[in-house]
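**Q** With these hints in hand, go ahead and build the complete structure from the sequences.
Protein chains: 2
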Amino acid sequence: MKNYIQENKDRFFQELFSLLRIPSVSAKPEHKQDMYRCAERLVELLKEAGADQAGVYETAGHPVVFGHKDIGAPQTVLVYGHYDVQPPEPLEKWRTDPFEPVIAKDPATGEEAIYARGANDDKGQLFMHMKAFEFLLRSGKLRHNVKFIFEGEEEIGSPSLPAWVKEHKKLLKSDVILVSDTTMISDKVPSLNCGMRGLAYLEVKVTGPNKDLHSGHYGGAVANPINELCALIASLHHKNGRVAIPGFYDDVVRLGKKDREMLNRAPFDLQEYKEFLDIADVKGEKGYTTIERTAIRPCLDVCGIWGGYTGTGAKTVLPSVAYAKVSMRLVPWQSSEKITKLFQEHLQRIAPPYVKVEVTPFEGGDGFLIPMSSPAYKAASRAMSEVYGKEPVPARGGGSIAILADMQRILGIDPLLMGFGLERDTIHSPNESYLLRQLFAGMESIALFYQYY
Amino acid sequence: MKNYIQENKDRFFQELFSLLRIPSVSAKPEHKQDMYRCAERLVELLKEAGADQAGVYETAGHPVVFGHKDIGAPQTVLVYGHYDVQPPEPLEKWRTDPFEPVIAKDPATGEEAIYARGANDDKGQLFMHMKAFEFLLRSGKLRHNVKFIFEGEEEIGSPSLPAWVKEHKKLLKSDVILVSDTTMISDKVPSLNCGMRGLAYLEVKVTGPNKDLHSGHYGGAVANPINELCALIASLHHKNGRVAIPGFYDDVVRLGKKDREMLNRAPFDLQEYKEFLDIADVKGEKGYTTIERTAIRPCLDVCGIWGGYTGTGAKTVLPSVAYAKVSMRLVPWQSSEKITKLFQEHLQRIAPPYVKVEVTPFEGGDGFLIPMSSPAYKAASRAMSEVYGKEPVPARGGGSIAILADMQRILGIDPLLMGFGLERDTIHSPNESYLLRQLFAGMESIALFYQYY
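Here the protein sequences come in this chain order: A and B. Going left to right, the first sequence walks through residues 673 to 1125 as this note's numbering numbers them. Going left to right, the second sequence walks through residues 673 to 1125 as this note's numbering numbers them.
Simulated from the structure, these hints should not be mistaken for laboratory data. It is possible that part of the hints are untrue.
When chains are identical, the list treats them as one kind, so a pair holds in a single copy or across two.
Derived DSBU-like pairs (lysine-lysine); straight-line CA-CA distance at most 30 Å [stated by the list, open to error]:
id	residue 1	residue 2
1	LYS883	LYS955
2	LYS1028	LYS765
3	LYS765	LYS700
4	LYS883	LYS704
5	LYS911	LYS877
6	LYS877	LYS955
7	LYS704	LYS765
8	LYS946	LYS841
9	LYS946	LYS929
10	LYS681	LYS1010
11	LYS841	LYS719
12	LYS911	LYS958
13	LYS883	LYS838
14	LYS860	LYS883
15	LYS883	LYS777
16	LYS1013	LYS911
Fair warning: this is a prediction, and the values are worked out from it, not measured in the lab.
**A** The following block contains the structure:
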């Protein structure tokens, strides 16, 4: 594969860039047409790579791309990826246009990387699979049937995909779901995912008076929805860092001492971590390490808050409404649906009588675990060992790919997560990028996975 | 004056509308030129009304308009007003263009009013003074020298005016500062202001990690600046509604039983108040009535908050920064400067080690009292009694006109606040308006004030 990459590098960049140029932001209705453009471009690329059959499939939301190469092999690999991306905001923090990809040197390390929204998550990572497949097919080394499913709603919680998967169970029949949509521990420490967190996501709206008021005429006598919202949010954590919603921890699996020890064996430098983020200290649930806090413990974060006057200068106003977006990362076996309900009930219970509190749930998803004893995990481990020169560490991912738990349940097959992202890629943030080195190492690892699986 | 209004009504509207059409938003740098346009239009109107001398004066910020009519009388009235307005946002809540004034019926009462940003605050109210002056001059009834000072920075705390006033003490020499920039208790209960609250205004910035993070990879391990900001804000009030900043109440005058009784004699219907605002209950400092809470007690309100993702949909992010704008209304003899310092010190003291907290103060101002025994207060009371058919109730205003305490101190003259706004005018909010009835009653009251002073 190494030689094939060298020979086809420029074409690879052209193809990937053509995907990155399409602003397929699933969260924003104004990008509806871009979703179709991106899906159609993927179909072209799949066909060019050698898929017999590839097409755009309608769903209740953004379309799904499905492609297939049947060589009559006994085993079938189902490659999952998503072509939608996070909104690029805040735009002013990007050094280059988020939808005009460039290859540039990392300001810190000097290594070359592709800078664009989706460079890694997940256009860059799904692209590796198309090219590894193309290489195997053209070099006569393909030993498995390969199916591709690329969805356009991962970043908004895959609301339409479960129904589509249920309707197309036969089409999707396969032996493993292969996914590259996660990170490795570090560029020196390759790792393989053995579990992901789930997600519950809700928007809270607090309404005070029916109009914005003069803060002089009413201040001190009328409850301010921003102050009330802040009090509600502050009350959602205990002092020990635990989430203060009754029942929140009921279904959290408590790991044994041995499992926790193994988890903490993954290399981690707290000082480096703090320096990378420029924080004086970490903060989280008492009694757990940083690795544990993001892997085996659930958490609650406000992802956005707004209300009142947010422009320049000093406008005095007692606003009518305030909003917050709250995400909760869940661990197996917390149910996203149950946690969503607990949150809604709790907010209504603690809502003060002076304001109205409305809670709107968004799509979430459950966490899941990946069996490390499976043939797929073993093949992936061997492939990565060869490419990186060391065995990948098993690690639990803190993020969520809601749909994978659903697909695991509906199709009855386990996912395998070979992720090649790095912390430095700052996915979901300005200046998202993907190291060329990791892009190519990913392609090589995937090609070898097929060889050993 | 009544007949004069009837004969000149259409011209009055044309003149006032020409002011309202200029978007003189002092808080926004992009309106710098509009401030000059508005100041120059005021100079024209002052000259047309009969001022001998009127001009635009530069300050460190937006310009001041000063005009003068010297008839050699023993006494001089200094009329203060401001031509700047609050930002019109949120624009989508306006029924008509905020800077294209219209006369329309109040949807609730059917009474005619002018709808525009500044219709009342303060273009509409300062306009009454120019027209009362014009009438007195043209009808040969003017018995005082009149000076006008209209500033362009009231809504941002008048940062440049104190220095300008200090430099022009001689020019401004007079016997009373006459101001219409406040409200009456209700259209059935005329009132005269006998005090205003002061203001301290600060922006709080909480910085967590040095970049926006993936809330899955970091959530639970890294302090979230929005959650931290909410906790800080929530901690600023005690459960009894008192502000929890040490020293905050040190200089608050505690009124005697009699004074409080008199204050509460002002007509107030709690049920109507709650219905007007569509709230289930009021909220404020324990042990005080709603009237007291907005008149003689200080308070703390968040006027704006923002951070993270605030667009549509469900973006998962652990943001780097969160902001809040905090206003504190102060009572005599709390010092705005001292409270600003207490707030800054308190925030630094309670800032958790996981985040950086920066506090930026904006311009504030002290509260003040108006002596009810003064000849000016008595003349105003008599004038309003005649126009409204009942004696105006003395009332303490909850709002702040920061500059008046400064002018009182620098020039050594007391202000007199004849305000004709009503709660229904929703100043600082969408669909600001000013009843024609109040506009004309204001002109009549002011003309009579000059007669009785």
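**Q** When the hints from earlier in the document are held up against this structure, which numbers fail?
**A** 8, 10 and 13
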